[in-house]
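Asker: Those protein sequence lines, which keep their order, are chains V and R. When we follow my numbering, the leftmost residue of the first sequence carries the number 78, and every step to the right adds one. When we follow my numbering, the leftmost residue of the second sequence carries the number 2, and every step to the right adds one.
Calculated from the structure, these hints are not laboratory results. You may find that some hints are simply not true.
[Unchecked claim] Using C-beta positions, here's what the derived DEER-type ranges look like:
no. : chain 1 : residue 1 : chain 2 : residue 2 : range
1   : R       : E34       : V       : R197      : 50 to 56 Å
2   : R       : G53       : V       : R105      : 35 to 41 Å
3   : R       : W47       : V       : P85       : 41 to 47 Å
4   : R       : A124      : V       : A137      : 19 to 25 Å
5   : V       : S195      : R       : A60       : 46 to 52 Å
6   : V       : R260      : R       : R118      : 21 to 27 Å
Predicted, not measured: the structure shown is a model, and the values here were computed from it. Even glycine gets a Cβ: it sits at the ideal position worked out from N, Cα and C.
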Amino acid sequence: MPAPKSRPENEVLDEMQRFLHAAVHDLRAAQRRTGIAAELLLQAGLQVDDKDEERTALAAQLLQGMAKTEELLAGIGRYATALTPASYKMHSFPSLGAVHFALAHLDREIRETGATVSVRDLPEITGDRDRLAELFEHLIGNALKFRGPDPPAVEIEAHRMPGGWLFSVKDNGIGIAPKYRDRLFIPFRRLHGTDVPGAGLGLAICGKIVAAHGGRIWIEEGDPSGVTFLFILPAADGN
Amino acid sequence: MTEHKTKILLAEDNDGDVFLVRRALAKRGLSHELVVAHNGEEAMTWLDAHCGEEKKDSAPELILLDLNLPRIDGAQLLSHIRKSDSFSRTPVIVLTSSDSPKDRQMALELGANLYFRKPTDLASFMDLGRIIEETLKTVTI
Numbered sequence: 078m079p080a081p082k083s084r085p086e087n088e089v090l091d092e093m094q095r096f097l098h099a100a101v102h103d104l105r106a107a108q109r110r111t112g113i114a115a116e117l118l119l120q121a122g123l124q125v126d127d128k129d130e131e132r133t134a135l136a137a138q139l140l141q142g143m144a145k146t147e148e149l150l151a152g153i154g155r156y157a158t159a160l161t162p163a164s165y166k167m168h169s170f171p172s173l174g175a176v177h178f179a180l181a182h183l184d185r186e187i188r189e190t191g192a193t194v195s196v197r198d199l200p201e202i203t204g205d206r207d208r209l210a211e212l213f214e215h216l217i218g219n220a221l222k223f224r225g226p227d228p229p230a231v232e233i234e235a236h237r238m239p240g241g242w243l244f245s246v247k248d249n250g251i252g253i254a255p256k257y258r259d260r261l262f263i264p265f266r267r268l269h270g271t272d273v274p275g276a277g278l279g280l281a282i283c284g285k286i287v288a289a290h291g292g293r294i295w296i297e298e299g300d301p302s303g304v305t306f307l308f309i310l311p312a313a314d315g316n
Numbered sequence: 002m003t004e005h006k007t008k009i010l011l012a013e014d015n016d017g018d019v020f021l022v023r024r025a026l027a028k029r030g031l032s033h034e035l036v037v038a039h040n041g042e043e044a045m046t047w048l049d050a051h052c053g054e055e056k057k058d059s060a061p062e063l064i065l066l067d068l069n070l071p072r073i074d075g076a077q078l079l080s081h082i083r084k085s086d087s088f089s090r091t092p093v094i095v096l097t098s099s100d101s102p103k104d105r106q107m108a109l110e111l112g113a114n115l116y117f118r119k120p121t122d123l124a125s126f127m128d129l130g131r132i133i134e135e136t137l138k139t140v141t142i
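Okay, chain V solo, but in the shape it has when bound:
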């Protein structure tokens, strides 16, 4: 299996700096709502008038701020885990296993959205099964989150290529305008506001996981509706 190419140190440091700035920006935003809501709530709590509506709204802000901060920290932790190829445990295994792990984690969302996930003839591959399960979880999870009016339908396939397998994860959701596609794998870069759940790191993590396996991930050109993610993973040893 090809080892990931080493990158110039400055490039790596620049990337880390951008990541940290963006992380701090988002964490501060979550902290802002928590802190000011807390101060206002204490202030409101001292009033004699009936301020129930305001107190309820402020308490909700407090909880949402704390939840958002936790979500961001959890995402940063997963990104850190995905980051270092040396920490990956590579072995040969059926890729369908990674998909099943992902589906198990998404069980509730799949039931709630009435989603169908169809899988066609997935091969044996070489990789870190836990990290690849996470990759499928992010991609399938996004298909559920950014669904269209119809129940989500996700199709997963793999096609043989020199040196590996080309996987595709296709959905029937709201899609992504071509002009925004190149920035999707940047950490914390979002197309939607913060009322859509998530830390804004899922696709950045997917990018790191695929890169650690020597491959790359991108979005298929065209696709008038929905999105197809494409990525290459190494074949099983000896294949």
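On the provided structure of chain V, position chain R as indicated by the hints.
Answerer: Positioned in the frame of chain V, the structure of chain R alone reads:
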């Protein structure tokens, strides 16, 4: 006679910050109508639909925008606003979490009237409402 409601466009993706702006306006007792765009593209589309002589009554009297917006960013949005016939003179307050002097300079060069860092405590939060009110007063004179 119905009280005049100041129309304010807020371009902000963070729902916590939208809440803060609403609260700041309410605390100030400013009679207003707040239109919220959750990304730069949404803001541009809304402005394009509310420009021109025939739309003067529905045009915003004040625009608050964040520099960090999804899709089309705040700088591009600000540039678009200042280049348009309808909104070139509309007061714009850049409301942002960035403390970089370069961002402040860029915002002012692109035509923002004011650059205000998003509040991190109660005192600066109270300042926000005051600044919005003062900006609106300078326009109506």
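Asker: Give a verdict on every hint.
Answerer: Hints, verified against the model:
Range check, E34 of chain R to R197 of chain V: Cβ separation about 52 Å, and the 50 to 56 Å hint holds. Here the CB-CB span from G53 of chain R to R105 of chain V is close to 39 Å, well matched to the stated 35 to 41 Å. At about 44 Å, the beta-carbon gap between W47 of chain R and P85 of chain V stays in the expected band of 41 to 47 Å. For A124 of chain R and A137 of chain V, the Cβ-Cβ distance of about 23 Å falls inside the hinted range of 19 to 25 Å, so the restraint holds.
Here the CB-CB span from S195 of chain V to A60 of chain R is close to 50 Å, well matched to the stated 46 to 52 Å. A C-beta distance of roughly 25 Å is found between R260 of chain V and R118 of chain R, which places it inside the suggested range of 21 to 27 Å.
When the structure is compared with the earlier hints, no violation turns up for any of them.
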